[in-house]
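Fit chains B and C to the supplied structure of chain A, relying on the hints for placement.
Residue numbers (the working numbering), protein chains in the order written: chain A, 1 to 160; chain B, 1001 to 1220; chain C, 2001 to 2374.
Just so you know, these hints were derived from the structure itself, not from any lab. As the structure is a prediction and not an experimental result, all values here were calculated from the model. The reader is advised that the hints may include incorrect statements.
Pairwise CB distance ranges, derived in the manner of DEER restraints [claimed, not checked]:
#, chain 1, residue 1, chain 2, residue 2, range
1, B, Y1113, A, A15, 37 to 45 Å
2, A, L159, C, S2308, 43 to 51 Å
3, B, V1006, C, A2113, 20 to 28 Å
4, A, F19, C, D2254, 50 to 58 Å
5, A, L159, C, E2180, 27 to 35 Å
6, C, G2325, A, A43, 47 to 55 Å
7, A, T79, B, I1197, 35 to 43 Å
8, C, G2189, A, D47, 21 to 29 Å
9, B, I1197, C, T2144, 32 to 40 Å
10, C, E2180, A, A71, 34 to 42 Å
11, B, V1006, C, G2124, 53 to 61 Å
12, A, E150, C, S2308, 25 to 33 Å
Partial chain A-side listing against chain C, Cβ under 8 Å, derived [claimed, not checked]:
#, residue
13, R9
14, R10
15, T13
16, V20
17, M24
18, V27
19, T46
20, A48
21, L65
22, T69
23, R70
24, A71
25, V73
For glycine and all other residues, C-beta sits at the position ideal for the given N, C-alpha and C.
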Amino acid sequence: MSGSHNLSRRDFTKAVMTFVGAVMGAVVGIPVAGYLVSPAVKAQKTDAWVTIGPLDDYTAGQPALFSFTRAKVNGWEKTVNSYGVYVVRAEGDAVKVLSNACTHLGCRVTWQQDQNAYTCPCHDARFGRDGEVLSGPPPRALDGYETRVENGTLSIRLLE
Amino acid sequence: MTNKKVFNWLDERLGLTAIYKTIFERKIPKVNWWFTLGSATLFLFALQVVTGIMLSVYYVPSPDKAYDSIEFIMSGVAFGWLIRGIHHWGATLMVITVFIHMLRVFFYGAYKYPREITWVTGVFLLLATLGMGFTGYLLPWNQKAYWATTVGTSIAGTVPGIGDFILRALRGGDDLSGVTLARFFAAHIWIFPLLIIILIGVHLYLVIRIGISAVPGKND
Amino acid sequence: MTEDQKQAYKEKYLRAKHNGEHFFPDTIYKDLIVAFAIFLLLVGLALFVGVASEPRADPSDTSYVPRPEWYFLFLFEMLKFFPGNLEWLGTTIIPAAAVLALLLLPFFDRNPARHWKKRKFALGFMGIVVLGMVALTVRAAVTTPVQQESTVATTVAEKIAAGQDLYSVQCVECHGAEGEGGVVSGVEGLEGVTIKAIHTQDEMYTRNDDTLFNIVDYGQPNLGMPPFGKGYGGELSRSDIEYIVTFMRYSWDDRAELPKEAAQASAIPALGPDEIPSYDTHIAPLVKRYCVSCHRSGKENNNYLMTSYDQVMNSGDHEPNIVPGDLNSNLIRMLHREDIEAGGPMPPTKALKPEYIQLFERWIKAGAPQTTTK
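Extracted from the complex, chain A is given alone in its bound form (with noise of 0.2 Å):
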């Protein structure tokens, strides 16, 4: 055996293997990636109408507090999530439907009737009775729904 014939011998060798392992790394590697993040790409979507209940229920400028949940089913468990918001109505059927969850980072807020505000308990935030920002450091109002009336009960559309 010469030693050139030796060294390309293992050159090949080294080029099998080279090909034989990325075709085997390629052949796991990308699923097995897949497999790890794809919670991450299948989003559920909801799109649903809620019903929160009769208008006449609540008081004009005082805004009240609705739970209700939802049952969702992640990987192999169904998830029950509650969802509180804070319905705000004006004269008549004029209505305005706020969740619940700081903009900043998803802490409830409760409303505070003497200080006229929504606080959040996590990191001081106010908001006003319409949701928009007072103080502290969310970054935009609370979110309102969509809401329909028919028949005088009231529903809101719930996006995610």
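Frame of chain A, contents of chains B and C only:
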């Protein structure tokens, strides 16, 4: 040539060249294709480790959720079916390669002096592989798994004298239950793999130290 | 082995090694090829054979034929040859002896020879053992009783569809096609009993899946509902009940969102204005959902069975209930809630939606074809 400098610095301290030389530059007798089964088994084991770790990302070892989580792997996660498929068939192939590897060693008399210990570790590896098969079979918590394991553990229960004790130790109680699933899971992902890794280490050390056996000639 | 023999072996081995090959690249090349072949085989198996889906573990289903993984089959089969009082021989002594023999092989096999010609006894013995294992495995595979196949639904859509089918057969006669309940008619023992609706928020919000499961499984005998689970003498496996619960949850609980593909799968196929309805595409789903619960064998229904096209056309005490082209057929008159000789209004509790009745009428007018190609 900074690359070379870095390598030399590391080599001086880690002895990489020496390791490389002992593993790759060694000479071995002329062997045939039957001698590839050992490395094939090692390859399959590595593949089982990778796919097994991946499966454990979504699998839940509880009687309520095990079945649902595997269903999710199969139809809810991208490529889950492929990863479970490789793991499932890999187990079958590994049993086959281990067994034929053992028959090859037996046929060539390679278990004789000076390779007795290599053989003994090999037999333990065979048993551990079967243990992996037995414990892994229960994990999907489907009908097949449940009933096969019920019968399988009952077989252990017929050992004279201590059968009942073994049965309860295997099942973690009198019945096949969530406790059984949890301990089979622990055995499948921790105990047996650890055992196999240690045994493979010893097995390979001996193979490299003593050298692979030669195909016996007429006078051997 | 004597010291001399050991020395001789070592020298000979050194020569073989010297005349041999390099691990890299010669040996590793072969290993690589074999590993790659195995890899391709594995991916092929995963791609084209896959892993068969099995029903969920069901301790109450005693009809299941237990079988271990194929590589334990020989052990399993071997036990058939040991009578009860000698069972421990097959389960303990033989396997333990085999493992021990295998482990200690290098220590009791004192024959220094390695070539097969000089080890005929050892190889012959091993050969017989391996052949025996293969034979036992084959015997086990051949003698295994055929497992009754059961449908396995994997996605939510499949579960809902399977649940709807089961609900149609098992539940509709009392609870109605939409869970609306009402006065029961034609059910032995429950004639005239009023059953409350189970599709309401009151029901769905206050009962979780486990509760619903248990109600179907055990029934509520004091309220008149018999058990449906196999464990209590009913017909349904645990998977079946799970599918029914899934169907109920997604159909009647407005908090649970029906996945799009599921909504499409369970919809009654729409019909174009000039299209001719056929039994297979349009009528069968309606029959399955609204009629089969009572009109199947073992039920009180004037022997009118509706589980296949032929039965729908020609069966029952008042046959024919359908005359192609004749809108005065029994079936149509009963759908219009007429009380005639062949029976009362159908379905007994609640009229079908007008568009469904219209579908039946258009189908009969068109000659009641089984398939569209006809």
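Structure-based check of all given hints:
1. Roughly 40 Å separates the CB atoms of Y1113/B and A15/A, a value that falls within the hinted 37 to 45 Å.
2. Take L159/A and S2308/C: their Cβ atoms lie about 46 Å apart, and the range 43 to 51 Å holds.
3. Evaluation of the 20 to 28 Å hint for V1006/B and A2113/C yields a failure: the beta carbon distance comes to about 53 Å.
4. For F19/A and D2254/C, the hinted distance range of 50 to 58 Å is satisfied, since their beta carbons lie about 57 Å from each other.
5. One distance hint, 27 to 35 Å for the beta-carbon pair L159/A and E2180/C, holds here, with the actual separation near 31 Å.
6. Separation of G2325/C from A43/A is about 53 Å and conforms to the stated range, judged on CB atoms against 47 to 55 Å.
7. Checked against the hint of 35 to 43 Å, the C-beta distance between T79/A and I1197/B comes to roughly 37 Å, which is consistent with it.
8. At roughly 45 Å, the beta carbons of G2189/C and D47/A sit outside the given window of 21 to 29 Å.
9. For the hinted restraint 32 to 40 Å between I1197/B and T2144/C, the CB-CB distance of approximately 36 Å keeps it satisfied.
10. A hinted range of 34 to 42 Å is violated for the C-beta pair E2180/C and A71/A, which are about 23 Å apart.
11. A C-beta distance of roughly 59 Å is found between V1006/B and G2124/C, which places it inside the suggested range of 53 to 61 Å.
12. Remark: the range hint 25 to 33 Å for E150/A to S2308/C is contradicted by a beta-carbon distance near 45 Å.
13. Against a cut-off of 8 Å between C-beta atoms, the interface hint on R9/A holds, since the closest Cβ of chain C lies about 6 Å away.
14. A distance limit of 8 Å between C-beta atoms decides the matter here; for R10/A the minimum to chain C is near 5 Å, and the interface restraint holds.
15. With 8 Å as the threshold, the beta carbon of T13/A comes within range of chain C, its nearest partner Cβ sitting at about 3 Å, so the hint holds.
16. For V20/A, the shortest C-beta to C-beta distance to chain C is roughly 5 Å, which falls under 8 Å, so the interface hint holds.
17. Checking M24/A against chain C: minimum C-beta separation of about 6 Å stays under 8 Å; hint holds.
18. Residue-level restraint check for V27/A holds (minimum Cβ-Cβ distance to chain C is 6 Å; threshold 8 Å).
19. With a least beta-carbon distance of about 6 Å to chain C, the hint placing T46/A at the interface is held under the 8 Å criterion.
20. With a least beta-carbon distance of about 7 Å to chain C, the hint placing A48/A at the interface is held under the 8 Å criterion.
21. Because the smallest distance between the Cβ of L65/A and any Cβ of chain C comes to about 19 Å, over 8 Å, the interface hint for this residue is violated.
22. Interface hint at T69/A: satisfied, since its Cβ lies 6 Å from the closest Cβ of chain C, which is below the 8 Å cut-off.
23. With a cut of 8 Å, the hint placing R70/A at the interface with chain C holds, because the nearest CB-to-CB distance is about 5 Å.
24. Interface hint status for A71/A: upheld, as the beta-carbon distance to the closest one in chain C is roughly 5 Å, under 8 Å.
25. Given the 8 Å rule on beta carbons, the hint for V73/A holds: about 7 Å separates it from the nearest Cβ of chain C.
When each numbered hint is compared with the structure, violations occur for hints 3, 8, 10, 12 and 21.
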